[in-house]
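Asks: Spelled out from the first residue to the last, the chains are:
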Amino acid sequence: MIIKTHKDIPSNEITDPLVFKQRRQIIKAMMGSLAAGVAGVSASSALAEPVSVWSNIPKANTTGESLIATPSDIVKNHTNYYEFTFNKTDATQLAQSLPTDPWSVEISGEVENPAVYHLEDILSQQSLQEYIYRFRCVEAWSMVVPWIGFPLANLLKMAKPLSSAQFVQFTAIYDPKTMPNQRDNAMLEWPYVEGLRIDEAMHHLTILAAGMYGERMPKQNGAPLRLVVPWKYGFKSIKAIVKIELVKRPPVTTWNKYAPSDYGFYSNVNPEVPHPRWSQNSERQLGGSFFTPRRKTELFNGYGSQVASLYSDMDLRHFF
Amino acid sequence: MFLPSISLWLFITLACFLPLVGISLDIASNNLGVDPIQALHIRLGDWSLRFLWLTLTITPLQTITKWRKMADYRQMLGLVAFFYASLHVIVYILVDHGLDWHLIAVDIIESPYIWLGVLAYLIIFALAISSPKFGKKYLGKNWKKLHRLIYLAAIAVIIHYYWQLKGNLAEPLFYLILILLLFGFRIAVWIKNRQFNRMMIPSTRKIRVKTVQRPLDVKQTDIPSKTMQNELVIEEVDMDD
Numbered sequence: 004m005i006i007k008t009h010k011d012i013p014s015n016e017i018t019d020p021l022v023f024k025q026r027r028q029i030i031k032a033m034m035g036s037l038a039a040g041v042a043g044v045s046a047s048s049a050l051a052e053p054v055s056v057w058s059n060i061p062k063a064n065t066t067g068e069s070l071i072a073t074p075s076d077i078v079k080n081h082t083n084y085y086e087f088t089f090n091k092t093d094a095t096q097l098a099q100s101l102p103t104d105p106w107s108v109e110i111s112g113e114v115e116n117p118a119v120y121h122l123e124d125i126l127s128q129q130s131l132q133e134y135i136y137r138f139r140c141v142e143a144w145s146m147v148v149p150w151i152g153f154p155l156a157n158l159l160k161m162a163k164p165l166s167s168a169q170f171v172q173f174t175a176i177y178d179p180k181t182m183p184n185q186r187d188n189a190m191l192e193w194p195y196v197e198g199l200r201i202d203e204a205m206h207h208l209t210i211l212a213a214g215m216y217g218e219r220m221p222k223q224n225g226a227p228l229r230l231v232v233p234w235k236y237g238f239k240s241i242k243a244i245v246k247i248e249l250v251k252r253p254p255v256t257t258w259n260k261y262a263p264s265d266y267g268f269y270s271n272v273n274p275e276v277p278h279p280r281w282s283q284n285s286e287r288q289l290g291g292s293f294f295t296p297r298r299k300t301e302l303f304n305g306y307g308s309q310v311a312s313l314y315s316d317m318d319l320r321h322f323f
Numbered sequence: 062m063f064l065p066s067i068s069l070w071l072f073i074t075l076a077c078f079l080p081l082v083g084i085s086l087d088i089a090s091n092n093l094g095v096d097p098i099q100a101l102h103i104r105l106g107d108w109s110l111r112f113l114w115l116t117l118t119i120t121p122l123q124t125i126t127k128w129r130k131m132a133d134y135r136q137m138l139g140l141v142a143f144f145y146a147s148l149h150v151i152v153y154i155l156v157d158h159g160l161d162w163h164l165i166a167v168d169i170i171e172s173p174y175i176w177l178g179v180l181a182y183l184i185i186f187a188l189a190i191s192s193p194k195f196g197k198k199y200l201g202k203n204w205k206k207l208h209r210l211i212y213l214a215a216i217a218v219i220i221h222y223y224w225q226l227k228g229n230l231a232e233p234l235f236y237l238i239l240i241l242l243l244f245g246f247r248i249a250v251w252i253k254n255r256q257f258n259r260m261m262i263p264s265t266r267k268i269r270v271k272t273v274q275r276p277l278d279v280k281q282t283d284i285p286s287k288t289m290q291n292e293l294v295i296e297e298v299d300m301d302d
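First to last, the protein sequences are chains R and V. Residue numbering for the first sequence follows this note's numbering, beginning at 4 and increasing consecutively. Residue numbering for the second sequence follows this note's numbering, beginning at 62 and increasing consecutively.
Bound conformation, chain V alone (with noise of 0.2 angstroms):
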């Protein structure tokens, strides 16, 4: 199986740099429309946001495929969603605003819907560092904690996209369904992994255990000074107890 998967990871890695393909072609020829700036905010900044949203939907197809392999297609795709996301800032301050850290300074500043680019940004800028065996390493228990930002990265990616809009606010909404149903799916499980545990181990109810004494049967015993006995007992107590 050796071979089948290593191709497999070719391809797909192949794949994810399509659209750069694409998008470097439409440079070439001047075919990006009449604001072609503004058009590679949007097609580099989509582009991120469709492999961010790939990257989420790896746990959930793990959960229902038991397929262990994916968790690395899973870091792969983070990673190509951070490559997308750094060329969209890297148009924003190098071709739009042309390195005047002025005008860029304000432009943050004034800008709403680019502070949440920003914070999505930083996050995804994190896991990627962060994601290489090293960086696991170096995190221990952290790095998951680190890593579920990754769920505030992507509210941030949305409302980014959805703030910058002036008006018709179809347009994002098919991501939007989407990213709602991989929360969804999570949620779901989380709901289900938690009754499980309370199927097991009954951890809302309370159990006291007691020691009382009972009067002895007189025929089981030849001892006649001894007419009590301890028994334990468990009850139930409140939860306000």
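Looking at chain R on its own, in the form it has when it is part of the complex (with noise of 0.2 angstroms):
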């Protein structure tokens, strides 16, 4: 529900992505036209940065509904990001700390082929789509956000999961030198751990997102690669993952060890269970204005038709 905010950093105190990125090249430049003096290499490998915006990706057609995105700073401004900060605003400003190039994904567990895995390579081998899906947080606002990503079924079956493989552990960065609250163990337990059901994770929805808006996942929203689930509640959508490991028993996830009688380990979106301390009837529409009225949630985010035959045999209040 509430998370305070105390005070909103202009959006124009924010600094502009790209001239993060150019201030990034700038310095690769000079390290490279550095490394090509002394050693009498080319510096124009340096210069070779990951795409920054995609252009001509196609848009997959998953859902079936075509849904408006939610105003792309809107986004890129409100995000829980505990690691950092309790505030959804200052979040933006302090994730850009975060080293995220290079980056590597360990695969690992019950799996045949265990492997690390450098993001480039993973992004290169999978055909990246566009996936515009309802974003539904646990604290009862949306968002509709246009990811760009591919399934997450398609990394696995590179990995070969064995048939002893039930659950799926994600597990993200652990970086206390840039995340103040990891630092000071504030509030959670870190790194921040989340897990699906191997049926959830294979499920055509669930993705690995890389970007969104046609551009790179911005630092506060998960950079470089984060689970995207859209039926479940947002904390289940892990960021900045590292670690993808497939397990026999379920894993313990951050907020259920937490507070297991207020997260589940489904947290599947159910307007019929709501949070013990608050609704999940409704849900504030993050990007109207003050007259746009409450959306009346959804079971599984209105996802129920692709995923329901998932938990066709269990009590969704008792495995809420």
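Simulated from the structure, these hints should not be mistaken for laboratory data. Heads up, a few of these hints could be off.
Residues of chain V clear of chain R, computed beta-carbon distances all greater than 12 angstroms [stated by the list, open to error]:
(1) I88
(2) L101
(3) I175
(4) H208
Residues from chain V that face chain R, not an exhaustive set, calculated with beta carbons under 10 angstroms [stated by the list, open to error]:
(5) V156
(6) V167
(7) E171
(8) S172
(9) R275
On the chain V side, residues computed to face chain R include the following (Cβ under 10 angstroms) [unchecked claim]:
(10) A132
(11) D133
(12) K227
(13) L234
Note that CB positions come from ideal geometry on N, CA and C, so glycine has one too.
Hints given; two lone chains; assemble the complex.
Replies: Shown next, in the form of structure tokens:
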């Protein structure tokens, strides 16, 4: 519900992501020419930055509905990134200190091919698509985000899960040097851990996202690689993933460990199952005006026709 | 002293509405952030809480400074707290829920943190409408009893604040410490008064007054037949008696 924001950073104080990238490119170019001068190596390779903007990303047709995306400045300045801060607006600036390049992702556990991949290798092997999904926070606000990514199933298949793999455990980066709340051991147990059942992980709606709004993922939104599970509350969609393990037992996930009666392992969006202290019956849609009505929250965030069968024999009140 | 107190009164009254001016300017300039309705809830709720806390600060200040006039400010600050609480409620009903009573009913029923907000508002509402002189006259002795409910409202408010947070509970800690200090002061005063009363009237001791007959000193009398006299004796009795 309410997470208080003491002061809002005016948007003009937030450094434009483009400026950040330019700075990095300038530094890289300088380093490159320095290296070239010393060792006689061509500096051109140092300038070969991964694309910062994608063009001609095909739209994935997984949901069969056309949603209007929330304005991007709202999605970029309203994030729960507790590793940095408990303030949704401050996270934008604080997260910029996280180094995300180079980045590697380990895939291990109950798989035939455990491996550590460079992110760029993963991205070059996957065909990226745009997935426009509703994003519903457990705090009862929501937005619509055009993610750029690929099905998690594609990556898992590369690792070849064994039949013993029943669950997937995701671990986010542990970097107390840049993440103040990790340094202070504040509130949650770090690093952040999330989990899915194997069939949820293999579902075609479940994606790993490396960008949004046609751009590389902004750091505050979970760069360079985050999970997106559109029918679950937002905290399931873990940011800045460094490890994906296939496991036999249900993973102990961060929020579930912190408050098991408040945040279940499944955490499927469900208007019928209120949080112990607040209702989940409706949601405030961000990006509207004062007169935009609340949205009636839908079971499975409106993706029931595609995911309800995963839970057909389950009591959703018990397995919340 | 008439003029300075009037101008102080005016100054404080105007100051109470400065937050509303700030909020209005932020609405007008679209400066409430990404979730403006939420920002309104928080800012109006915060100011209501702050004025409620200020209201509860008046009695301790009065005890310390012995400045009787402060009671008037207590009423005024209480009414300002009620004013901001009312705006908070209006924004919830009108702006956030667009007068959709079904949605509002479900939201309230399913949200325990709102139950406490409702309780606090009902109390503050009752206190506000009974605060003028005629209310005092009408309620008589019960007025003071009714207005003691402000303590219950304060407790409900702080829980209302805590229960809506997902976890970072440090934020309302400042207000929790303040209200505990304000309550602590009153408890200290109450204990002190109790001890003082005990010194004046030893209420924990029971005494019994008895009449006993004593042999009379023969020299003291010239009536030979009277050998005994009555005497009053005070003795302590145990509490269990």
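Asks: Each of the hints needs a verdict: does it hold here or not?
Replies: Tested hints:
| no. | hint | verdict |
| --- | --- | --- |
| 1 | I88 | 8 angstroms, violated |
| 2 | L101 | 8 angstroms, violated |
| 3 | I175 | 8 angstroms, violated |
| 4 | H208 | 29 angstroms, holds |
| 5 | V156 | 5 angstroms, holds |
| 6 | V167 | 5 angstroms, holds |
| 7 | E171 | 3 angstroms, holds |
| 8 | S172 | 4 angstroms, holds |
| 9 | R275 | 75 angstroms, violated |
| 10 | A132 | 33 angstroms, violated |
| 11 | D133 | 33 angstroms, violated |
| 12 | K227 | 6 angstroms, holds |
| 13 | L234 | 12 angstroms, violated |
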